[in-house]
Amino acid sequence: MSADGQSWGRYPRVNQTMVDLSDRHRLLPDVNGSLLPYGNGRSYGDSCLNEGNTLLRTRALDHFLAFDPATGVLECEGGVLLSHILDLVVPQGWFVPVTPGTRFVTVGGAIANDVHGKNHHHAGNFGRHVLEFELLRSDGSRLVCGPNADHEWFAATIGGLGLTGMITRARIQLRRIAGPWMSTEVHRFGNLAGFFRLSEQSDRDYEYTVAWIDCLATGQKLGRGLFTRANHAPAHPDRRPIAPAGRLRIPFTPPVSLINRLTLRGFNTLYYHRQRSPVVHKTTHYLPQFYPLDGIGDWNRIYGPRGFMQYQCVVPPTEAERHIAQLLKLIAASGSGSFLAVLKQFGNLVSPGMLSFPRPGTTLALDFPNQGARTLALLNRLDDVVAAAGGAVYPAKDARMSGAHFRQYFPAWESFRPFVDPHFSSSFWRRVME
Amino acid sequence: MFNVLIIGATSAIAEATARHYAARGARLFLVARNSDRLTDIVADLRVRGATDVGQATLDVNSLDAHTGVLDQAWHLLQKVDVVLIAHGTLPDQGACETSVETALAEFTTNGTSTIALMTALAQRLEAQRNGTLVVISSVAGDRGRQSNYLYGAAKAAVSTFASGLRQRLAKAGVNVLTIKPGFVDTPMTHAFRKGALWATPDAVARGIVRAAERGRSVAYLPWFWQPIMLIIRHIPEFIFKRLKL
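From first to last, the protein sequence lines are chains W and X. Throughout the first sequence, residue numbering follows my numbering, covering 686 to 1119 in sequence. Throughout the second sequence, residue numbering follows my numbering, covering 6 to 250 in sequence.
Source of the hints: derived by calculation from the structure; they are not laboratory data. A few of these clues could be false.
Residues of chain W clear of chain X, computed beta-carbon distances all greater than 12 Å [to be verified]: (1) His710; (2) Ala745; (3) Ala751; (4) Leu1061.
Pair by pair, the computed Cβ-Cβ distance ranges are [what the hints assert, rightly or not]: (5) X:Gln151 - W:Asp715: 43 to 49 Å; (6) W:Asp923 - X:Ile236: 55 to 61 Å; (7) X:Phe197 - W:Gly980: 51 to 57 Å; (8) X:Pro232 - W:Ala930: 56 to 62 Å; (9) W:Ala930 - X:Phe7: 33 to 39 Å; (10) X:Leu235 - W:Pro776: 42 to 48 Å; (11) W:Glu736 - X:Phe188: 28 to 34 Å; (12) X:Gln83 - W:Asn833: 54 to 60 Å; (13) X:Phe197 - W:Ala863: 53 to 59 Å; (14) X:Leu235 - W:Gln960: 40 to 46 Å; (15) X:Ala110 - W:Ala930: 46 to 52 Å; (16) W:Leu947 - X:Leu235: 42 to 48 Å.
No more than 20 Å apart at the CA atoms, straight line, and that leaves these computed lysine to any residue pairs for SDA-like [unchecked claim]: (17) X:Lys199 - W:Arg1092; (18) X:Lys199 - W:Asn725; (19) X:Lys199 - W:Glu1119.
Quick caveat: nothing in here was measured; it's all calculated off a predicted structure. All residues carry an ideal CB built from backbone N, CA and C; glycine is no exception.
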């Protein structure tokens, strides 16, 4: 046992006991206090932390159990990373059905947070592609859950933030691809209306859509950015770029955040104007397309020792543009925010998960360097807008939303509660249940 | 077909090594004590590209059972290109100091059983006139230190035995490769605080595969343990006695 375990935002910092699990056939360890599974620590806030209690590290549960290259059904243990799956299946013509912006997440974590990706409008959440998993409870019982078998536990565990028990193994349905290449188009748009127009035009014919926005732009330029739409390329694309080889790394944590008002304005303006023409077509390898940040190891260090907070919300389709504009104005006025600001339209596909975050509407995600009370105050103002709009904030990225807001965003919390394992808890859960 | 036999296949280093061979399409035979975990590893290696994977459970301290398991392995693989002996424990040195029984049991697991297996394997490889016998010893075997000299003594026996065997089998075209890992971050060492000197099982596994390919005799993994151990071996006793190590 060692004392470590952090979330990706490196905030909050807490003390907890780490226990490595290396045998899924054994019972969970008997410890004082509560347990929480911990995959690769890519949740941003405190949903993967368990202050003063125990984290069960699952990374050694990294075995593939079965893969059928004819049907694309993969069974593996909960600690397998999506990157491991991709390395295995892409050369055999398959792809993960849904992927978040990093491939360094475990399958257990992908289920527990019911992650979504740039294809949400086509494929929905990760949970929709889960055929079955086994849930190990602290009392030693093992529940085999699927859309048809023990479906209540299935629904509670998908998006259940690791609270219902340990996902020991899962079976997922992969998606066919012709090869590792992507056909992409990047469109520059001058304001928020441009984003909504491009989304509407693209959602039917493009499997992956997402927009980067300049979160400091104001007035006429509010919500300007670059809209990327992409499909898996056919078997023999015109170009076959190879995967980028080297992996850069941020070698140490700088004493202060490198992201501040000055650097951010420069970055954003340069990035917005990086392409001369309004539209650029290209064929890319899937790695830089899906995972630009995975190319830079430990990028979360750029925010300095105080870490950062990510904020991701969704607002419903009715008046989405007005609500997103309101949020962007608040952010631009604060001068905070970051280079990594993302806007996307969610689709209408419903997830099986009770506490799943995605729902029809528009989602906005961005990082804020942690500046203490100032940052918290800004995020509370954003929450007021989201709550008034009938939206929600993503628990996997949260370290600060109020319990009242959580319960408003996720009204199913009450029916979810009985499924929480009596010996499981998390810093997040205690915070929002106060 | 490249054929690999692994004893102690559920150890982190062995498993990482098996994955490298599986990815190249090798045929493997795995031997371990825990059959549930072994079955998972077999399934995993199949998915990762192994042509075929056989398995047998064995408690290495049941010396009588060795022959039967090796027969099974040779039956599946016919000819064995690489044998990796990787089983082991990290004894509680304190317990070994107070209990003769514990000390000897740990010596059997980490030393005697390995020597028994190497003896039996040597005959088979000598008859094949081909192959590599890889045994995981340890830097701890290079010099007895108060913190873990029971383990060190067992590994010293293994290293010395391997050295003699290497000389003997060289004439038959068989290479004996002694692996001396330093600190490796595995379930065996979960109780230790990790620092800059610690290596991942995968890094050690890559080193093993490379050293076997190159026909090396002794490989310190990672390499920097070689100069470190050179120094430690040459510290005069009158100084060594006063060190903590």
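Self-check item: Ascending list of hint numbers which this structure does not respect
Solution: 1, 2, 3, 5, 7, 8, 9, 12, 13, 14, 16, 17, 19
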